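So you can see what is in the structure, the chains are spelled out below.
Protein chains: 2
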Amino acid sequence: MHTRLPTWAILTTMNASIINIGDELLIGQVVNTNATYMSRALTAVGIVVEEVCTIGDNASAIQSAIERHLSLYDAVLVTGGLGPTKDDITKETLCRMFGSELYENAEALANIERIFAQRGFPMTETNRRQALVPRCCEMINNDLGTAPCMWFDVSAQARACTGQSAVAQVLVSLPGVPFEMEYLVDHKVVPMLQERFQLGTIINKNIIVQGIGESFLSDRLEEMEAALPESIKLAYLPQAGMIKLRLTARGTDKTTLQAQIDQAVQNIRTAAAEFIVGEDFESIPEVVADRMKRLNKTLATAESCTGGKIASLLTAMSGASEYYKGGVVSYCNEVKHSALGVAIETLDTHTAVSEETVREMAEGARKRFNTDYAVATTGVAGPTGGTDTTPVGTVWMAVATPEKTITKKMRYNGRRQQVIDRAVNEVLAMLARCV
Amino acid sequence: MHTRLPTWAILTTMNASIINIGDELLIGQVVNTNATYMSRALTAVGIVVEEVCTIGDNASAIQSAIERHLSLYDAVLVTGGLGPTKDDITKETLCRMFGSELYENAEALANIERIFAQRGFPMTETNRRQALVPRCCEMINNDLGTAPCMWFDVSAQARACTGQSAVAQVLVSLPGVPFEMEYLVDHKVVPMLQERFQLGTIINKNIIVQGIGESFLSDRLEEMEAALPESIKLAYLPQAGMIKLRLTARGTDKTTLQAQIDQAVQNIRTAAAEFIVGEDFESIPEVVADRMKRLNKTLATAESCTGGKIASLLTAMSGASEYYKGGVVSYCNEVKHSALGVAIETLDTHTAVSEETVREMAEGARKRFNTDYAVATTGVAGPTGGTDTTPVGTVWMAVATPEKTITKKMRYNGRRQQVIDRAVNEVLAMLARCV
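Protein chains in written order, with my numbering: chain U, 1484 to 1918; chain B, 1484 to 1918.
The shape of chain U in the complex, shown without the other chains (with noise of 0.2 Å):
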């Protein structure tokens, strides 16, 4: 087992790699998700990722990538090239690397033996073989798939060669599949680390703040920032039209951190109330779907410029349903009429982009739909149809709620997608304000 000293000092300088293997990802076919999540889910650890890398399927790049990142961290997790085909040669490459040989694990054959009794396939020589591992490591199960995940203690490894004692150090080869490697990591590999690596207790805690730029954002918490004690960190992490705060408590005395946390969230909420979306949340989405859900309301849709994202995104979350019960796409002036209900004199008068059309799609939806709220857009996202009055980058958003409605104009700088997703983040959050 894995011991370091369980000091201060050390918990706050184990540091991590990833290393993602795949030809898919060196021709750009595949963003790399995999590496955003697992940075994700060591940080949230106070593990300090130091570097990513991907390489293709190829031994002597994996081989010299491994090595060099053995040589420069604590931690290394390895993903990908654990398939059944010929193409997937991180395991032997591993077992070559560690002077071990390959064995079949009884635990790591009966999980692919499930799984493939699950689908109902037949099981071939091939997906057997994914039950092999080097004798040297500690095999993960992998519920949720066929290749097993390896923990290799680098550290026992040295001091069996050398007699001496060596740093303690860890090298993780995990699957490429992104749900699979997901669980894996959340549910095994990180808990793993904490635990052999005595990683000590981390609390963290995360605040939605919209509708204040970084700069002034940064002037309001001045003054709490500078009363944070030292196992406190505050990172201002900035997406489109709003900032997610991340407090970290790093320590060995939960109780303390968390009144040290709590002290620190009063304070940002004394320092910026009416500027605060949520807390406890990743996006604004699920901000407005947990709010509605616990208080038991209905949710409408009329989106023109933000054409269906929003809808996308509240849908994505599972249990949508509960809450959200549709809306409309109306992207030409004669579906904001037909389907919301938007006067012709209002968009004779007023034009598309408009206070007067925002507020008659929210309150159409919400009364076609029969819902508690509605949420409204219009706008010119770009990178044409900007005219002199109204330029590119202008949106009216509108919410109507059964007291009233409220409306908003903004003027967005950035591209298409920019301007897309900067509306969808205002207006929902104006909606999470009114609830």
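To be clear, the hints were calculated from the coordinates, so they are not data collected in a lab. Model, not experiment: these values are computed from the prediction. There may be inaccurate statements among the hints.
Copies of the same chain look alike in the list, so a pair counts if it fits in one copy or across any two.
Unchecked claim - Mimicking DSS-like on lysine-lysine, the simulated pairs with C-alpha atoms at most 27 Å apart in a straight line are:
hint, residue 1, residue 2
1, K1569, K1716
2, K1850, K1892
3, K1727, K1716
4, K1727, K1569
5, K1887, K1850
6, K1727, K1737
Since chain U is already given, all that's left is putting chain B on it; use the hints.
Coordinates of chain B only, in the frame set by chain U:
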């Protein structure tokens, strides 16, 4: 000026690496889409990307990564760390590494002044410092932003130091802001690489195939693949429910290569005609948008389980209003009836996930939105909501045309987002085939 032997042997072996600098990447806040974009752009001109490396804003990490990459790769493309704040240290690090000094580049300064004038902001001293570049580099003007791009002729410097000839090698430092990087890669860096390294002629051809699995497609294309000349490579690039086939021809004589590509395309068309959705596009929504615009037809959407994703993808592309009039996201039976005209009897008798319902959704959308075509989806995206008769992953799809309505049922494996993405591609492919 760089010159390499313009032989076929050289053409096949030029390699490159990408170094993305930024703490925000290592904590998992931002997905590294820059790497994907750059990998694709380099691959498209026949440059083999062998490694992507992400590191933080840290001088020693930057220097050691660059030194290592220059010892391994012909071209090293670096992004990030070029902003005006003191976190941004790429320029200083490169200057020190190459033993050069910073000077104020007049063209870069004029560009920064132009951008500030355009934005209507005053230019500060900090902004003016962005015009400083190392003397030893060639400044590439960044028309879209204030951080100049820099081209370092590494081999020329080696020659100057040692008096001996060196292998042609280049390091390019680019801003990390995606749209600035994309513009510079497409319009300046890649053309310069092609010209100075005499990369020869590359012809790429994409064919989107849908409705057939990779192994079945590969069986069908076996003969065609065996007949491919050495100058042509075929890659299978699978995405949600579709496969992009990419043919790449490399050589020196454009006419010959084009004739070879044409023959290969003809052979693919013969072998897999019924599965081809489009040629020369990156995605199925792109195929649909192009076809609708060219034929001057209009489209509406009626989405249940895809929850606005179809609308969102279509409207993410500029010019969508030329053919897309709008849609309904009907996330409950009430809305399927009220907004799309699905009969209550149909919903009661056949349920929401049925051929009858999806047909009425598509026909209702086409009629109410007054369009030539409409697509509709209804299903169980999961992970909950499945029943014995309608398990998770079941999706009914329909396309209503002026002549008829066609329907299709699929049963997808995979997680919620995969079910949604596959259904989107499937129903849009059905539409593309109708038109």
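- Query: Is it within a copy, between copies, both, or neither that the alpha carbon of K1727 lies no farther than 27 Å from that of K1569?
  - Reply: between (43 Å within a copy, 22 Å between copies)
- Item | Status of K1737 relative to K1727 across identical chains (alpha carbons, at most 27 Å) | Answer is within; shortest intra-copy Cα gap is 24 Å, inter-copy 52 Å.
- Message: For K1727 and K1716, with the copy left unspecified, which applies at a CA distance of at most 27 Å: within, between, both, or neither?
- Response: within (14 Å within a copy, 45 Å between copies)
- Task: Have a look at K1887 and K1850 and pick one of within, between, both or neither, based on CA distance no larger than 27 Å.
- Result: within (13 Å within a copy, 33 Å between copies)
- Pop the pair K1569 and K1716 into one bin, within, between, both or neither, using alpha-carbon distances up to 27 Å. Answer is between: at 20 Å across copies they meet the 27 Å cutoff, but 46 Å inside does not.
- Query: Is the C-alpha distance from K1850 to K1892 at most 27 Å within one copy, between copies, in both cases, or in neither?
  - Reply: within (23 Å within a copy, 33 Å between copies)
Hint violations for this structure: none, all hints satisfied.
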